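Undergrad: Listed below, chain by chain, are the residues.
Protein chains: 2
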Amino acid sequence: MALLVSKFGGSSVASIEKIKHIATRVKAMKKDGNDIVVVVSAMGDTTDELIALARATGSEKCYREMDMLLATGEQQSASLLAMTLNNMDCKAISLTGWQAGIQSDSTYSKAKISGMANQRIFNEINQGNVVVIAGFQGISPEGDITTLGRGGSDTTAVALAASLNAEKCMIFTDVDGVFTADPRIVADAKKLSKVSYEEMLEMASLGAGIMHSRAAECAMFYNVKVEVGNSFNNSPGTLITEVANMEKHRVVSGIAHDKNCARIAIFDVPDKPGIAMVLFKALAKVGINVDMVIQSAMRDNRNDIAFTIEQDDLEKAVPVMEKLVKEICASGMSYVDDVAKVSIVGAGMQSNPGVAADMFEALAEEDINIHMISTSEIKVSCLIDLCEIEKAVKVLHKKFALDKLV
Amino acid sequence: MALLVSKFGGSSVASIEKIKHIATRVKAMKKDGNDIVVVVSAMGDTTDELIALARATGSEKCYREMDMLLATGEQQSASLLAMTLNNMDCKAISLTGWQAGIQSDSTYSKAKISGMANQRIFNEINQGNVVVIAGFQGISPEGDITTLGRGGSDTTAVALAASLNAEKCMIFTDVDGVFTADPRIVADAKKLSKVSYEEMLEMASLGAGIMHSRAAECAMFYNVKVEVGNSFNNSPGTLITEVANMEKHRVVSGIAHDKNCARIAIFDVPDKPGIAMVLFKALAKVGINVDMVIQSAMRDNRNDIAFTIEQDDLEKAVPVMEKLVKEICASGMSYVDDVAKVSIVGAGMQSNPGVAADMFEALAEEDINIHMISTSEIKVSCLIDLCEIEKAVKVLHKKFALDKLV
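Which chain is which? The protein sequence lines are A and B, in order.
Just so you know, numbering that gives the first Met the number 0 puts 63 at position 64 of the first sequence, and the rest follows in order with no gaps.
Just so you know, numbering that gives the first Met the number 0 puts 186 at position 187 of the second sequence, and the rest follows in order with no gaps.
I should point out that these hints are in silico values taken from the structure, not numbers from a laboratory.
Note that the structure is predicted; figures quoted are calculated from it, not measured.
Hints are supplied without guarantee of correctness; some may be wrong.
When the alpha-carbon atoms are kept at most 25 Å apart in a straight line, the in silico DSS-like pairs for lysine-lysine are as follows [unchecked claim]:
#	chain 1	residue 1	chain 2	residue 2
1	B	60	A	30
2	A	90	B	109
3	A	60	B	60
4	A	189	A	403
5	B	60	A	29
Required output: the full structure, derived from the provided sequences and hints.
TA: Written out as structure tokens, the structure is:
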């Protein structure tokens with residue numbers, strides 16, 4: 000008898016019909032003799048509808064109240080799934096984040112889980128209940144409801160699996176698993192049966208969108224075995240686990256791409272120590288992450304700095320940068336949002352020099368211009384024009400023979 | 000500086016526009032130098048929509064989960080009102096039932112308030128916040144979310160006013176106050192400036208629908224001064240207070256009517272001690288309240304018993320009664336749902352004999368047949384045919400000169 004944690008996203012609980020479908024699945028897992036904890040997101044568009052209401056009040060930046068509002072979405076889907084299970088003679092009980100003992104800090108709208116007080120969950124399991132937990136939420140030290148920000152439900156599930164010492168955390172979504180590239184772009188993209196934590200982490204950060212990087216990080220840290228699969232069919236998903244289990248011959252495991260990019264360039268920045276720090280601190284202060292960075296060669300003690308951010312953050316970043324350009328006496332700035340990032344990811348790259356060169360070659364053969372490059376031990380990313388992103392994904396998928404993967 | 004508790008019903012918070020309207024009103028009360036606690040119901044149709052979802056799961060009788068689901072409605076409206084107030088520079092914070100310390104028993108779907116732990120409310124007031132509390136909900140000793148059943152939000156407001164020692168509890172609704180009769184039926188019905196707790200209690204039970212009888216009972220018990228008024232205008236409402244303040248000359252204060260009636264008759268019930276008890280215990284067991292009862296004169300040691308219940312309960316009552324008719328060897332039963340109850344209510348009736356006779360006379364003059372009668376110290380109710388209810392209300396309003404009230 001194993002303890003399994005399953006997480007179902009918003010599209011898996013978008014209607015009562017879909018809830019009934021996953022309830023059947025949960026009941027089958029329970030009937031196999033497992034103890035089951037289920038984490039759910041809010042139904043389909045619920046969160047968007049609540050955000051629209053909040054916007055209408057003119058006060059959607061009132062984060063403490065926003066969390067109070069948004070947390071109701073997951074509470075609703077959790078109770079509806081518990082009802083459905085009970086109606087199928089599968090004993091179930093729903094718990095909110097605070098009832099499940101999910102403790103967080105007080106950073107409303109993007110709180111971090113700080114602790115787990117799981118006694119209630121164990122009590123309910125011991126009474127034979129499937130425990131359905133509202134994802135994406137916790138309780139602050141002040142006793143206020145918090146939400147966990149992007150990837151919050153995935154992170155809830157992985158953190159619960161870690162603290163409950165579950166055998167596996169199953170993340171159910173609307174795709175079959177992790178693919179070598181987005182199947183909507185590359186028709187012969189292959190599903191990977193296993194990826195390493197590190198690869199999943201890179202793929203998640205690079206826009207693969209299957210599982211949030213925060214959850215992948217948590218899984219890696221606590222060594223939680225995660226399986227990503229489709230809630231609407233029973234085909235085996237992708238297992239995310241330690242690199243020790245990986246097929247060593249695979250150099251590149253997948254092609255990731257991200258259209259949510261914008262590039263800002265600052266011209267003629269004085270070459271003084273700490274200038275880059277000033278720029279990026281100002282962005283961090285308004286909650287903007289900088290991704291790729293290049294600093295051009297020095298000329299007359301001045302140089303140009305370019306960097307990328309999420310396109311969604313551009314509106315917030317531009318006024319901050321315009322103000323700074325004056326303060327640091329740069330000559331000006333520019334920004335574009337018609338750029339995108341394509342990346343190759345693979346744990347095998349570490350011991351295979353020349354992979355980056357292969358990537359640049361493949362892009363050059365198709366006349367795709369590279370604006371920026373960034374690398375890590377297991378990935379290489381290139382910023383290119385947005386209009387060429389699909390072509391780039393296809394050519395790289397072919398170049399690294401991912402369509403031949405078995 | 001006074002502490003005021005205000006309650007706004009579902010129609011008052013049905014849209015963001017309406018929420019803005021009441022926020023303006025709350026801000027004005029706060030600006031007058033008062034400490035403000037606001038209790039809100041769920042937005043307009045939210046509760047009905049959630050019930051429809053629950054029905055679709057086939058498990059709407061799973062009361063613990065229903066409460067988990069339904070409580071989200073008030074949590075949403077509370078947070079939206081708090082956001083709106085903050086956006087108007089009126090500091091506000093929303094609290095759920097459990098955050099506000101509203102303790103209840105574990106009778107899911109119709110829990111009773113068992114205690115108040117108001118420290119958090121006082122803390123927030125001391126920090127200058129308007130405190131917006133989700134009505135209709137509490138927390139059970141097991142730490143589960145409960146809802147308080149019919150009239151739950153009114154009761155939350157009155158109970159808070161009592162425990163916070165508020166100067167006044169203001170129940171805002173979509174009518175101007177308590178009228179001498181339903182203004183939709185009697186065009187010249189007058190708004191009463193004051194009524195006694197007892198009168199309000201009778202009117203509420205008799206279907207006046209302004210304020211729930213449970214809340215009126217709570218107000219009477221704890222001596223909470225309540226004002227019922229219109230959330231959409233500033234005309235003075237009706238003050239509900241001790242009878243000592245009442246105008247003594249008023250014999251009848253109002254005409255109430257209730258169309259939600261059904262009558263069940265059981266024929267030839269054996270005249271044995273405890274038979275009536277058996278009937279009414281069986282109904283109580285399925286949660287049905289019996290209202291008016293008559294037992295006809297005995298004939299051959301057998302007699303007929305007739306009683307009224309809420310029309311909504313008829314479907315549930317009939318099979319229970321059919322089973323019992325056999326068990327107690329009665330000869331049969333019948334039921335009708337085209338009946339209604341008209342009542343006269345007035346604290347002055349206690350010292351004015353002959354008021355009931357005046358009522359019967361007025362109905363007789365209009366050829367309105369009376370099926371059943373029940374009386375208390377301050378009211379007389381008659382069951383009549385549903386099709387005659389409006390005529391009856393009008394003629395009684397005139398008979399007791401309520402249109403001449405100043």
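Undergrad: Sort out whether residue 60 of chain B lies within 25 Å of residue 60 of chain A, counting only the CA atoms.
TA: Not satisfied, since the Cα-Cα distance of roughly 38 Å exceeds 25 Å.
Undergrad: When you check the alpha-carbon spacing of residue 60 of chain B and residue 29 of chain A, does it fall within 25 Å?
TA: Status holds; Cα separation ~23 Å.
Undergrad: Taken at face value, is the distance from the CA of residue 109 of chain B to the CA of residue 90 of chain A at most 25 Å?
TA: 23 Å, holds
Undergrad: Checking one constraint from the list: CA of residue 60 of chain B to CA of residue 30 of chain A, max 25 Å. Satisfied?
TA: 24 Å, holds
Undergrad: With the threshold set at 25 Å, check whether the alpha-carbon distance from residue 189 of chain A to residue 403 of chain A stays at or below it.
TA: The given pair, whose Cα atoms are some 8 Å apart, holds under the 25 Å limit.
In summary, the one numbered hint that this structure violates is 3.
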